[in-house]
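Enquirer: Note that the protein sequences, when read in sequence, are chains A and B. So for the first sequence, this note's numbering puts the first residue at 1; every next one is plus one. So for the second sequence, this note's numbering puts the first residue at 113; every next one is plus one.
These are calculated hints, taken from the structure and not from any lab test. You may find that some hints are simply not true.
[To be verified] With the Cβ distance kept under 7 angstroms, some of the chain B side facing chain A (calculated, not the full set):
id, residue
1, G140
2, G164
3, F176
4, F181
5, G216
6, D217
No experiment lies behind these values; they were computed from the predicted model shown. Virtual Cβ for every residue (Gly too), placed ideally from N, Cα, C.
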Amino acid sequence: TQLLEQSPQFLSIQEGENLTVYCNSSSVFSSLQWYRQEPGEGPVLLVTVVTGGEVKKLKRLTFQFGDARKDSSLHITAAQPGDTGLYLCAGASGAGSYQLTFGKGTKLSVIP
Amino acid sequence: DSGVTQTPKHLITATGQRVTLRCSPRSGDLSVYWYQQSLDQGLQFLIQYYNGEERAKGNILERFSAQQFPDLHSELNLSSLELGDSALYFCASSRDSNQPQHFGDGTRLSIL
Chain A
1 TQLLEQSPQF LSIQEGENLT VYCNSSSVFS SLQWYRQEPG EGPVLLVTVV TGGEVKKLKR
61 LTFQFGDARK DSSLHITAAQ PGDTGLYLCA GASGAGSYQL TFGKGTKLSV IP
Chain B
113 DSGVTQTPKH LITATGQRVT LRCSPRSGDL SVYWYQQSLD QGLQFLIQYY NGEERAKGNI
173 LERFSAQQFP DLHSELNLSS LELGDSALYF CASSRDSNQP QHFGDGTRLS IL
């Protein structure tokens, strides 16, 4: 069974601070996706990383896929209250079914 | 708005009952996925359909079943409901099996 461990589970920071969220596994994934979920809504896709070592930037968010495609990180620079939410990583096992294994998420609160 | 529509938004029922959750995928998406999200387990993949055919099965109980119709909408049937089935049920869709998934806003099922 493929498992994705996310850390930290909870994070509460002041507006303007930087933070990093980690997603780790002992399994190799064909790709990894990051989602953000707000209360009462479904997860919204932020980014997909495919190549080992890949780095993608989305405004103040930087996503990195580990060289061995087993882990990933999400770094947020100068966090804003609008960044508050549940951040989920999900690994795709590929092989045509694109079945996703989700981590349990990091709940981020950015305090104004 | 992801383009994925789920109904109903909330459902309250009693143990032993049967319910049907409905999902309309984004226009043009052939693949539909069902997930269960609970506080302790996070998002768990249940089942995937592609163009009307079952493509992959995850942690789906025998009391649960799903189907995808010719118009590509999908239904998840939950029977002999137990208290532990209380959760958020999400549907996601993608163009095909190897494309990122886009989630609906879920159905919150409460078993009393």
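Enquirer: Hint by hint, say whether it matches the structure.
Expert: These are the hints, each one checked on the structure:
A cut of 7 angstroms between beta carbons decides the hint on G140(B): the least distance to chain A is about 16 angstroms, and the hint is violated. The interface hint given for G164(B) is violated, since its Cβ lies 15 angstroms from the closest Cβ of chain A, which is over the 7 angstroms cut-off. Taken as an interface hint, F176(B) does not check out: its beta carbon lies about 17 angstroms from the nearest beta carbon of chain A, beyond 7 angstroms. Interface restraint check: F181(B) against chain A, minimum CB-CB distance 20 angstroms, threshold 7 angstroms, status violated.
Because the smallest distance between the Cβ of G216(B) and any Cβ of chain A comes to about 5 angstroms, under 7 angstroms, the interface hint for this residue holds. A distance limit of 7 angstroms between C-beta atoms decides the matter here; for D217(B) the minimum to chain A is near 5 angstroms, and the interface restraint holds.
The structure fails to meet hints 1, 2, 3, 4 from the earlier list, while all remaining hints are met.
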